[in-house]
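Engineer: We have chain A; now place chain B onto it with these hints.
Residues per chain, in single letters:
2 protein chains.
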Amino acid sequence: MTNPEEAIAAPAADAPAAAAKAPKAPKEKKEKPKKEPKAEGDAKKSGGGAAGGDNKGLGLRNSKKDNFGDWYSELVVASELISYYDVSGCYILRPWAYAMWEVVQGWFDQRIKKLGVQNSYFPLFITEDVLNTEKDHVEGFAPEVAWVTKYGNSTMEKPIAIRPTSETVMYPYFSQWIRSHRDLPLRLNQWTNVVRWEFKYPTPFIRSREFLWQEGHTAFATQEEAEREVLDILELYRGVYEDLLAVPVTKGKKSKKEQFAGAFYTTTVEAYIPETGRGIQGATSHCLGQNFSKMFNITYEDDDRQKQHVWQNSWGLTTRSLGVMIMTHADDKGLVLPPRVAPKQVVIIPIPKASTAPEAVQAMLDKVDEMTKALEAAGVRVVTDTRSNYTPGWKYNHWELKGLPLRMELGPKDMDNAAVMTCRRDTGAKEVVPWADVATRIPQLLETIQADMFAAAKARTANCTETCHSWEEFMAALNNKHMALTPWADEEEIEEEVKKKSTTPDAMGAKTLCLPFEAPPLPEGTKCFYSGKPAKNWALWGRSY
Amino acid sequence: MTNPEEAIAAPAADAPAAAAKAPKAPKEKKEKPKKEPKAEGDAKKSGGGAAGGDNKGLGLRNSKKDNFGDWYSELVVASELISYYDVSGCYILRPWAYAMWEVVQGWFDQRIKKLGVQNSYFPLFITEDVLNTEKDHVEGFAPEVAWVTKYGNSTMEKPIAIRPTSETVMYPYFSQWIRSHRDLPLRLNQWTNVVRWEFKYPTPFIRSREFLWQEGHTAFATQEEAEREVLDILELYRGVYEDLLAVPVTKGKKSKKEQFAGAFYTTTVEAYIPETGRGIQGATSHCLGQNFSKMFNITYEDDDRQKQHVWQNSWGLTTRSLGVMIMTHADDKGLVLPPRVAPKQVVIIPIPKASTAPEAVQAMLDKVDEMTKALEAAGVRVVTDTRSNYTPGWKYNHWELKGLPLRMELGPKDMDNAAVMTCRRDTGAKEVVPWADVATRIPQLLETIQADMFAAAKARTANCTETCHSWEEFMAALNNKHMALTPWADEEEIEEEVKKKSTTPDAMGAKTLCLPFEAPPLPEGTKCFYSGKPAKNWALWGRSY
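Protein chains in written order, with the numbering used here: chain A, 781 to 1325; chain B, 781 to 1325.
Isolated chain A (complex conformation):
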């Protein structure tokens, strides 16, 4: 493979090829929406409707281990999370994906409101002059900005930018609203779409030209308050990944080279995909310092009637988080959803035999109803699959593809035993649960699945992090698809050099993912793995998305 980025970007056989590959040159291609294969349709053609635990038909053609990129592209379409769209780099979030985004939103929104953040909505458009106010910032975004230049058949006198992020949209108004220290802190958030016309290979959830996110923008009187919030928010981002999505992350600070355009400094939560050996930025919480407040003249009068520039933060979490979760947990049968974010947590499937008498079938259906109500009352999100035109085997495969954490099967033997058979999506482990225990045991099982999924992912990541003190160790780790934790003299030009030198015919160069907050001791005299100069801190390196 000549271009290592294609490892993930290569479209699956059943994804419209043109839509999955972004043009390399800035030349736009008109692509017609193509028919996507439908999981059910496919299954029936290829015999997935046959009875029993037959995994063919609904199963994925590609494997996570052998061809990760194709597997991912196939998976997100087959599990009905995504449809490829006829504007390159844009994707449709279907209900199964959007419902998970709603769970993430609910989790995070509730918590920032408790911190005192308020939601608001600022316009999609920015004038050119305002966008250009902060130089470093605009330089970071300029190549990716989409411009509106026409309406109807008329040409606008000046083009209007579509927000790639909203610092410059909001801060002229912060300068109007903030006068005295009584107007501080000002803590706003919005849940919006943003547009970055990128030319890296687009990948559903992970990198797209339009994406959904929340962006927080806050202003404080003091550096101390601002910095406290940066970490409070970073802790919430850790919570979204680890507590909700069961994805382990490393908290840290970005190097100068990797920080947000215009920031004082950037903090981050970094995740890691073992199969591709690549790190991935999970979410970032930036301290903007006084850079923007000086450019936008955002000041308050302190108690001595002196004008002071405010301290600002901005922080964002995107739909990428769902992509990281999918890559972390899914397998060759389909999605594996952590219970806390799963739109449906349990599927109940009655399994009458052909010989089961009608009254017995009815009793089975009544029991399914009864358990559904009991579980819903216990706060469990349940779906029942009582369709008579699909075999149990087909249903097992279908709900495995959709990633439901737990399956409950109710057959004639279970009816005799006043119990139900459960089967975990993550491990395949089975457990018989007596009817009387359903409302207590199932929620427990879901929490166990959540904890086990996180622990397993955490162990995988830990096994893939190597401490390296030399270039040889460093390259060995990278080539082993691992992350490298190194002593580091923190030099921007050296980081550039490492990136170039670590680029191979098969793989992109490595960069610092972060300078981790939790790291081993760094004894006096420890030397940078690359330059041999005295190390200032530990750096976590990796190839990355």
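It is possible that some hints are incorrect.
Taking lysine to aspartate or glutamate and the EDC-like style, the derived pairs with C-alpha atoms no more than 16 angstroms apart in a straight line are [claimed, not checked]:
1) A:K930 / B:E1156
2) A:K894 / B:E1156
3) B:K893 / A:E882
4) B:K1037 / B:E1271
5) A:K930 / B:E924
6) A:K930 / B:E908
7) B:K894 / A:E924
8) B:K930 / A:E924
9) B:K930 / A:E1156
10) B:K930 / A:E882
11) B:K930 / A:E908
No lab work stands behind these hints: they were computed from the structure.
Structural biologist: This is chain B only, laid out in the frame that chain A set:
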């Protein structure tokens, strides 16, 4: 006034004039964000900080009765709902406004999910070819479509449209997802921003170039199911207006001339603003029939293996709903928010005297805390104002401007009487509530306020609807700022004629708001008020937004 539309569009003295007025010619003006006066800053300058019930300073300079347009523009800024933005026709929804939109979203979202509708997200962008698929539809929107033609410094090969609505975004994918009757109904919704580059005068909430809405898009096997949903959704829209926003609306069908571009027919809830004598479309629920399914080839195989085109609906509710609520209820002191949508329903203000001993002040503050907790436990949204640097009078004015439904005052006398004084925002009525009754009586009072506000608005609208059988009666009603209910032969060309003929130097022409579902009997032989031909139905006419 030569242009009657300016009645509402004229900017308030303190709103940036250039931003409030849209250019008439398609020539864009660059406008710098201007400093808006701050309610508090103003108040202090003009003596609003003085003690007592003094209403000056924070009060509005304009009056709802005398200069409605200026009053509205001033109100939405002073109450911190809106900031004017430096892209003409776009507005910032500040937290006080956005919190109400969240209440509307919560109310509606929960109910459509119960109906079986699922949320999703489709891209912001549409290719030109797809946008042009349905001819009537694109003709309706073409002049208002904003086009992206550049990214960075490069030109796109083909311009890409920003969605003015998402029929053409979604329906190519409906045709992929729907194969058999088992894929039906398909019922999707999304909460998004849309862009319509209009050149009518923009007005905050009521008409803006970018706005927030929900758009539902559904497909059914049969006309009957589709038509049932059209009315189910219309009933929810009635609920948003009447039950949540306390705004009376008339349900009905749009005339052919006024229906949605590409629809089979459009149903609507229509509100009315007595001060301007204008009707306003509240929300619309369209039956699209098979128009789009034929253009986009959306078919399913029925039980006889015959291909059938699906029946489709689309329906939308926008942030305009908040503007209608504000116009309906607010007064010269500021907003008057119906309790169910108010972000905060009750403000508790302790009123110590200068002579009150420190322990007594503390006891008062403890009681405020205690009542706050009791009310929050009862589900009431409470704010306390214990600031010591503002007078009680200033606080009264401030919270009246913000529209809080109920104020609770706790002074030394109230402490002696183990009670609290309440004051209603809508009527000014006062009532003493013993401490022991706070947690039960306050929620009751809030429900009473909600009901009274709706009843009062309903009576005002009813008083402004006149039944007219002749042109003279019709014009008298209009010129009296009333709506006219007329027998109507339902002729599109006559509707155009009526509009022209009812245009006066001072006022725009009238149009049909809707053909109301509830109307008086129409005896055989009743004649159209205009043409004298046999009437087919009743029509509700008005000048309108």
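Engineer: A separate judgement is required for each hint: does it hold in the structure or not?
Structural biologist: Results of checking the hints against the structure:
1. Distance check on the hinted pair: K930 (chain A) and E1156 (chain B) sit about 50 angstroms apart at the alpha-carbon level, beyond 16 angstroms; violated.
2. Restraint check: the Cα-Cα separation between K894 (chain A) and E1156 (chain B) comes to about 14 angstroms, which is no more than 16 angstroms; the hinted pair holds.
3. A distance of roughly 13 angstroms separates the Cα atoms of K893 (chain B) and E882 (chain A); the hinted pair therefore holds under the 16 angstroms criterion.
4. Pair hint K1037 (chain B) plus E1271 (chain B) holds up; C-alpha atoms about 9 angstroms apart against a cutoff of 16 angstroms.
5. Taking the CA atoms of K930 (chain A) and E924 (chain B), the gap is about 10 angstroms. The hint holds against a cut of 16 angstroms.
6. Restraint check for K930 (chain A) and E908 (chain B): satisfied, since their Cα atoms lie roughly 13 angstroms apart, inside the 16 angstroms limit.
7. Under the criterion of a C-alpha separation no larger than 16 angstroms, the hint pairing K894 (chain B) with E924 (chain A) is inconsistent with the structure, at around 41 angstroms.
8. Between the alpha carbons of K930 (chain B) and E924 (chain A) the distance comes to roughly 10 angstroms, so the proposed pair stays at or under 16 angstroms and holds.
9. Of the supplied pair hints, the one linking K930 (chain B) and E1156 (chain A) is violated, its CA atoms being roughly 50 angstroms apart against a limit of 16 angstroms.
10. Taking the CA atoms of K930 (chain B) and E882 (chain A), the gap is about 32 angstroms. The hint is violated against a cut of 16 angstroms.
11. With a C-alpha separation of about 13 angstroms, the suggested pairing of K930 (chain B) with E908 (chain A) holds against the 16 angstroms cut-off.
Hint compliance for this structure: hints 1, 7, 9, 10 are broken, all remaining hints hold.
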